[in-house]
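Peer 1: Chains A and B, in that order, are what the protein sequence lines are. Anchor point for the first sequence: position 94 equals 93 in numbering that gives the first Met the number 0, and the numbering is continuous, going up by one each time. Anchor point for the second sequence: position 456 equals 455 in numbering that gives the first Met the number 0, and the numbering is continuous, going up by one each time.
It should be emphasised that the hints constitute simulated quantities derived from the structure, not laboratory data. Heads up, a few of these hints could be off.
Partial pick of chain A residues on the chain B-facing surface, computed with a CB cut under 10 Å [said to hold, decoys possible]:
| no. | residue |
| --- | --- |
| 1 | D13 |
| 2 | D15 |
| 3 | E18 |
| 4 | I19 |
| 5 | M60 |
| 6 | S89 |
| 7 | S91 |
| 8 | D93 |
| 9 | I109 |
| 10 | K111 |
| 11 | T113 |
From the three backbone atoms N, C-alpha and C, an ideal C-beta is built for every residue, glycine too.
What follows is the residue order along each chain.
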Amino acid sequence: MESKTLNCLLIDDDPDDQEIFCMALGDMGKEVNCTFANDGVDALKKLSENSVLPDFIFIDMNMPRMNGNECLAKIKEENHLKAIPVYMYSTSADPATVAETQRLGAAGFIVKPTSVSELTKTLKFCLK
Amino acid sequence: MDIDLAIESENHVRLRNSLHSFLFENKEDSSLHCHHYACTLGKWLYEKGLTRYSHIPEIHQLERVHANLHECIIELLNKNKKEKLTQSYDLYNDLETLSKQLSVLISSVNKTISSTGQIEKTESSITLCDHSEQLRDAMQEMNADLMREHQTLFDFFMQAPGMFCVLKGPTHIFQLVNPFYKQIIGNRELRGKDIRTALPELQGQGVFELLDRVYQRQKVFTGNEIPIYFNKGNATPEKAYVNFIYKPIINRNKETTGILVFGYDVSEQVYLRKQSEESETRLKLAMDAAEMGSFEWNMNTREFIYSDRLAKIFGRPKKKRITHKMFVDAIHPEDKKIRINAIEESLRTGVLFYEARIVRPDRHVRWIKFSGRIIFDKKHNPQKMYGTAQDVSDQKTLEERLERSVKERTKELILKNELLSKQKELSDCVINSSIDSIAVLDTKLRFVILNEHAIKAYKKKPEKIVGQQIHKVFPQIIKSGLYQDLKKAVSGEVVHNFNYRSPILKGYFETSILPLRDSNNVVFSILLISHDNTSIVEASERLISANKKLEEKNSVLERNNKELEAFRYIANHDLQEPLRKIQVFSGLIKKNTSDSALVNEYVDNIKSSSRAMSDLVQAVLDFSRLSKNEGAYTTVKLDGVIKHALHSLQPLIAEKNALVKHEKLLTVNGNEEQLTQLFSCLIANGLKFSNKRPVVSISSKIITTNTGKVNAKVNKYLELTFKDNGIGFEQKYADQIFKMFKRLQTSKLYPGAGIGLAMVKRIVENHNGQIFVKSEPNKGTTFYIYLPIGEEL
Numbered sequence: 000m001e002s003k004t005l006n007c008l009l010i011d012d013d014p015d016d017q018e019i020f021c022m023a024l025g026d027m028g029k030e031v032n033c034t035f036a037n038d039g040v041d042a043l044k045k046l047s048e049n050s051v052l053p054d055f056i057f058i059d060m061n062m063p064r065m066n067g068n069e070c071l072a073k074i075k076e077e078n079h080l081k082a083i084p085v086y087m088y089s090t091s092a093d094p095a096t097v098a099e100t101q102r103l104g105a106a107g108f109i110v111k112p113t114s115v116s117e118l119t120k121t122l123k124f125c126l127k
Numbered sequence: 000m001d002i003d004l005a006i007e008s009e010n011h012v013r014l015r016n017s018l019h020s021f022l023f024e025n026k027e028d029s030s031l032h033c034h035h036y037a038c039t040l041g042k043w044l045y046e047k048g049l050t051r052y053s054h055i056p057e058i059h060q061l062e063r064v065h066a067n068l069h070e071c072i073i074e075l076l077n078k079n080k081k082e083k084l085t086q087s088y089d090l091y092n093d094l095e096t097l098s099k100q101l102s103v104l105i106s107s108v109n110k111t112i113s114s115t116g117q118i119e120k121t122e123s124s125i126t127l128c129d130h131s132e133q134l135r136d137a138m139q140e141m142n143a144d145l146m147r148e149h150q151t152l153f154d155f156f157m158q159a160p161g162m163f164c165v166l167k168g169p170t171h172i173f174q175l176v177n178p179f180y181k182q183i184i185g186n187r188e189l190r191g192k193d194i195r196t197a198l199p200e201l202q203g204q205g206v207f208e209l210l211d212r213v214y215q216r217q218k219v220f221t222g223n224e225i226p227i228y229f230n231k232g233n234a235t236p237e238k239a240y241v242n243f244i245y246k247p248i249i250n251r252n253k254e255t256t257g258i259l260v261f262g263y264d265v266s267e268q269v270y271l272r273k274q275s276e277e278s279e280t281r282l283k284l285a286m287d288a289a290e291m292g293s294f295e296w297n298m299n300t301r302e303f304i305y306s307d308r309l310a311k312i313f314g315r316p317k318k319k320r321i322t323h324k325m326f327v328d329a330i331h332p333e334d335k336k337i338r339i340n341a342i343e344e345s346l347r348t349g350v351l352f353y354e355a356r357i358v359r360p361d362r363h364v365r366w367i368k369f370s371g372r373i374i375f376d377k378k379h380n381p382q383k384m385y386g387t388a389q390d391v392s393d394q395k396t397l398e399e400r401l402e403r404s405v406k407e408r409t410k411e412l413i414l415k416n417e418l419l420s421k422q423k424e425l426s427d428c429v430i431n432s433s434i435d436s437i438a439v440l441d442t443k444l445r446f447v448i449l450n451e452h453a454i455k456a457y458k459k460k461p462e463k464i465v466g467q468q469i470h471k472v473f474p475q476i477i478k479s480g481l482y483q484d485l486k487k488a489v490s491g492e493v494v495h496n497f498n499y500r501s502p503i504l505k506g507y508f509e510t511s512i513l514p515l516r517d518s519n520n521v522v523f524s525i526l527l528i529s530h531d532n533t534s535i536v537e538a539s540e541r542l543i544s545a546n547k548k549l550e551e552k553n554s555v556l557e558r559n560n561k562e563l564e565a566f567r568y569i570a571n572h573d574l575q576e577p578l579r580k581i582q583v584f585s586g587l588i589k590k591n592t593s594d595s596a597l598v599n600e601y602v603d604n605i606k607s608s609s610r611a612m613s614d615l616v617q618a619v620l621d622f623s624r625l626s627k628n629e630g631a632y633t634t635v636k637l638d639g640v641i642k643h644a645l646h647s648l649q650p651l652i653a654e655k656n657a658l659v660k661h662e663k664l665l666t667v668n669g670n671e672e673q674l675t676q677l678f679s680c681l682i683a684n685g686l687k688f689s690n691k692r693p694v695v696s697i698s699s700k701i702i703t704t705n706t707g708k709v710n711a712k713v714n715k716y717l718e719l720t721f722k723d724n725g726i727g728f729e730q731k732y733a734d735q736i737f738k739m740f741k742r743l744q745t746s747k748l749y750p751g752a753g754i755g756l757a758m759v760k761r762i763v764e765n766h767n768g769q770i771f772v773k774s775e776p777n778k779g780t781t782f783y784i785y786l787p788i789g790e791e792l
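Same shape as in the complex, but just chain B (with noise of 0.2 Å):
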């Protein structure tokens, strides 16, 4: 025999050993991939073994085991690789059994060439003694069952439906893993390290202290529901409920090797009780804090549990136990109704809720709110009732306090309305019974509240009017001092107006307008009351009218008294002197009659006087001709005025050789009588103060009162120039110059009344006009005149 069939047998033994290594240690052996016709025995088996020993029916059996075996081997090999562990370790059930099968063959072919001498026996073979073959028969025999059982123990170990593993010496080095403990740490690999280094995450939660202690101490370790967090790969460790057995390896000299490590999550189990825990808490936590008792009612056996709590809520001893009838009796007799008609309704629909007095052994009285369910068997016929009972007095009386104050606040509220609306009728009557208008503008100036005297006074209907800006309904007021005066309000000014013409009514009105503020001082609306004094004003008015117009007359009373006094004068001393001298020249002539010269003389002296009496009289009739400014105011064209003057001038000025020169004049509305004589006066006086050939200037022109010349009661005056090449006069003196009588030269030089400048000045005052001189000695005089002809300002 070429083939030492024993050998081979072992090899094979080995073949599956390396296998299992490679499964479970991942070692791996190149002679795992050999095809059952490239092995050894399968060489033997096609080349001789087939054919040599064909009488042998095992040896047929043994090539399909054999053929089997490698094939599975290398399925299995192909199956890991795609990572289908479950499937490899179902082929390496498979394999076991291939593997057992193919040591019975192997032996039992063995012996049959063996025993029949067909055998050839090899030189080695022949050495061996029967003694030997017995022996290695049953080493080999030994052997398998030794092989047969580590595989028992090993599958079991692999298999075992919770977490192995076997940690070696005192740093606890993971030999052995099993594929649950492996997927509960996330797959690591962890076989040759130490769990320190492989389990990192463990560090802190006991375990490490746990192991060296079960090492050190040779004593078995059981814990139930140890929490572990294990790192399975994500982002934070996971929580895993765990039971464990760590159990020392002791060796035959009583030293420790290892720790077997056996363990089971029951996470899951956890988590669920933990659950039913919580719910269960959650529930008892509920019906606490609604201080709740719980019933169960066994409607067959009428058996009555409950709880504390509802012995409490019925004032019933804890020790107590009280019945179901007890429970029932505690029902108010006036509720008992409550009860039954709830209890028939939950009958029909499963459903118990109804509230109901108790009485309380202490005859306490107390609202108690049931609700239940009742649990029906397939029948519909009720079997138990679960149900919880709620002490709900407190919020009954809440309810029935609530009630009664909301019906008192109702009555009260109703009250105040009454009172509030009386009020409203008492204020509604006071601002309408007034004489004033009152309106209330929101800060937007729409009209909120007008009065009745307002909505008479504005005549538009308030439905028009409240509502609307103020400048809206009025928008005349835009451009007003009361649309001013308003928004002054709006920004928090008190606005008082005595005298206000208004813009929306005619008339003068004393104006209020308020602004209204709200608790924090905020302007909310404004208050517009106006008061009509338009007959206080327009009276007012008539009386300053009148005042003026007696003010008028005063100032001519004045000046007529003013002209009386004069008079007087005149009649006291002018008239009385030429009287005088008449006097006193006449008794001269008594005295020398005998004297013609004399006499003659004397004569002339009193006829002199008499002349001048004669003119004084006939100046003071003219004067008080004027004062009385009779005769009619017409449109006067003054060129016609001038000719007339220089007609009558014209004996003078041939005897003065005068010129008078003047443009074309202007028309003014005046008396033509009076300006006439204003200029033959005027162009006189330039004619009579002269003491060289007399030129006398005449000009009119229109002047704006803008120009400052005259003290200005109209827009337009008409500027009448007299300017003379005269005598002249110290311009000091130009005040006296129209004084009656006054006279700045000696009436022997310059004869005259000394009446005609204050004539002048009179008819100017009669034509509401002006008068002014300006004069220089022996320069020239020029009087300026001022007669309005525009509108009164």
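Isolated chain A (complex conformation) (with noise of 0.2 Å):
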């Protein structure tokens, strides 16, 4: 199989999920870049500066300024960023949320787990 790094964008103002998402991905057994952004604004501004862009982009919901629907959009709206896959990244998942990501794009959306091997699972099934 391939060995190339992948690069990864973690968008989330809680440091405590920064920590448990850096948990998750080392879990995995393969080498991942991963880059964080505190909120929208910041992920935006990142995105625009760096050379190199991230292969998957997961993005929380709940953020101060700009939350991760209007997050998503701007992605979205950039032609350069279209292409990569963006996940969603939440504590809840009600229906019409998760209809409302999947409309604006989004390549999936996934629940924040109770334990860290889970979000392992899930991110292994995501960056295949």
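Got two chains here, each in a separate frame; can you build the complex from them with the hints?
Peer 2: Have a look at this one:
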């Protein structure tokens, strides 16, 4: 199999969740680079500044300043970003919210799990 | 004898002739003015004659006559000067006599002197032979006769009662004109002038041509009643009717030398005759016009004279005579009594008048009006009856027809009247049974008609309203729209008002104001119909108010729904998040029990999540309590409120070394607990979101709604300002900050449940107020809160 290092961007304002996300990626058994942004505004800034684009983007739904859906919409507006698969990442998942993210072009909706191992399994599936 | 008496006699005849010439021809002779003692004969008489021949009785007589003659001449001259013409003519007559007497006396005296031979013969007289003396006497006699004749003729000419003149020559020159003639032409001087020059007004009247013809043809012309216009000196020529004779004067050689004109004025007769002719014509015309027949009945001789028309009226042929009996028999048998009564009456009064029917021979019945007069003699015996008869059948028929048609029309009118009164009754009934108020006003806005409903509604007696102007009866309407609408209707506009608050009656009315027009399309009245809509309007107002309440409730419900949604989200997400973290970190503790440092870290994480959850639950409880909006609304002194808030915030103020400034605050009506919460939250916000020494300023003032700062529902608002020098935010996030759990900053840097401003907004809404925010990053934030204090709009 190829041994290419994957680049991954997590947009989440909660430092606890950033830490849990890192743990889960570490348990995957392959090398994944992960960068963080504290909210949508911060993320869009980083995406425009960095020359290397991430292979995957994970966005928390509930953030100050710019929420998850707004951030998703902005990314999908940009020609050079819209091809990147975006997964939404939230504590709760009511069907209306999930449907709205699909409409905006999200690749999937991940419910924040109650254990790190559960998250690792989900990320393995996503980063295939 | 030193005087020739014969010559003296001639001289005095001449004197008389001179006088004649003077009188009738205006030739004046100075010898006329000579006194009797100054003339030759007079001198001789007084110097010699009277003394020498005093034995001759005639000589004294001669002296008296001679003196009288001269005196008479002088008097005549004087009278003539004073234009006393009649007197001068009388004197002239006397003079004639005197002149004749003088001639006879001179002749007699002369004879006596000659025969007695006592007269001294002059040389010339001696030369006269007897024969010549005889001849002279005869001559003298003849001459005297001629003179007398001439004189007689002249006298006749001058005194003739008609107009006389003698025209000489072919141009008709006036030679002699008598006073009558002169009178008719206005006493103009004619003698010596030709007629065309003297009487130019005759031009065109045919007189000149006539005279020329008489002169040329030598034939007498006689004309009767010839109208001639003479200029008598007035502005217009006067008309005179004249009978004329133009007679040519022919000499021995059968040549015409002139024309003798004789005429007399017959104007008066002509006028009189014409007048009588005219009145006769008028009478005839009047009788013809009235189609009157006339009759004359001699009551003594029974002779009956009648006009042709009378015969015609009685239907008799013109030629056949009608007797008085036939006339009487023609009277309709039923009307004979009328005639008898009228005749009896006329015998008393002299006046006949009656109307009766006659039956014509062709059985036609006609109505005749008879009128007439009876002439009585001195003993009051009737002599004659003059009368007229007029066929008045047409008039009678007309009268009868008129009477009949009047009766018919009256009957018709009565029927129409009945119909009209029934219609009026019906229309009154309809108008009065209307549930609307109906009033008719004239164009001066005076009440003309009011239906019962209107009278009841106006609560006034009709006699106090009808005829009065509406604004005199109800002065309050002058400033109302109704008055303007009535005026519009007077100018021809139809006004319809669906919902009108009446200035006269309490309540709401649907009003129609209609101009009523006559056949010439001119507005003559205004119809005012008002339908009482008060109950409908009130019901609709109640409905609107209920609707409003419903809407309010609805919006509360909607808000509650939104809040419920938010709670659901909180339950689903915000409360789950710390729980999930607790689960994750519990799992990690279990995995890493050997690493005590890690376990401690994870336990701290679990503690922090539990505290966050507890805060959240408390905030949600606080908020749900606010939603119910419980607690009393009183007059709240904001000075007390801020004092309370600052007290509870004291530890934070001390920690941040913050400065909170405020001036004396006003009083507002509200919930003290909620307002304290509002103050605490906003001051805490200013203290919390700050990266330097926080300064928070609070102020209050009253504003009126016209400042445009607020979406006004009342007249006055209390404006509360909370200004800080904190981190601020971009103005575009102004709406988000009031949303529950919405954060602009991460909770790690600026901890909090994210519910404070949502609560502030709810408190403001509970007080019917409004909240706005102005902010700039790193400069600070100002909250403006408007709480109503005025009356509701």
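Peer 1: Would you mind marking each hint as holding or not holding in the structure?
Peer 2: Now the hints, each set against the structure:
1. The closest approach between the C-beta of A:D13 and any C-beta of chain B is roughly 8 Å, which is under the 10 Å cut-off, so the hint is satisfied.
2. This hint holds: A:D15 has a C-beta 6 Å from the nearest C-beta of chain B, less than the 10 Å allowed.
3. Residue-level restraint check for A:E18 holds (minimum Cβ-Cβ distance to chain B is 9 Å; threshold 10 Å).
4. The restraint placing A:I19 at the interface with chain B holds, with a minimum CB-CB distance near 6 Å, inside the 10 Å limit.
5. Hint status for A:M60: holds, given a least beta-carbon distance of 8 Å to chain B, under 10 Å.
6. Nearest Cβ of chain B to the Cβ of A:S89: about 7 Å, under the 10 Å cut. The hint holds.
7. Residue-level restraint check for A:S91 holds (minimum Cβ-Cβ distance to chain B is 4 Å; threshold 10 Å).
8. Nearest Cβ of chain B to the Cβ of A:D93: about 7 Å, under the 10 Å cut. The hint holds.
9. The beta carbon of A:I109 is not positioned within 10 Å of any beta carbon in chain B (closest approach about 13 Å), and the interface hint is therefore violated.
10. Hint status for A:K111: holds, given a least beta-carbon distance of 6 Å to chain B, under 10 Å.
11. A least Cβ separation of about 4 Å between A:T113 and chain B falls short of the 10 Å threshold, and the interface hint therefore holds.
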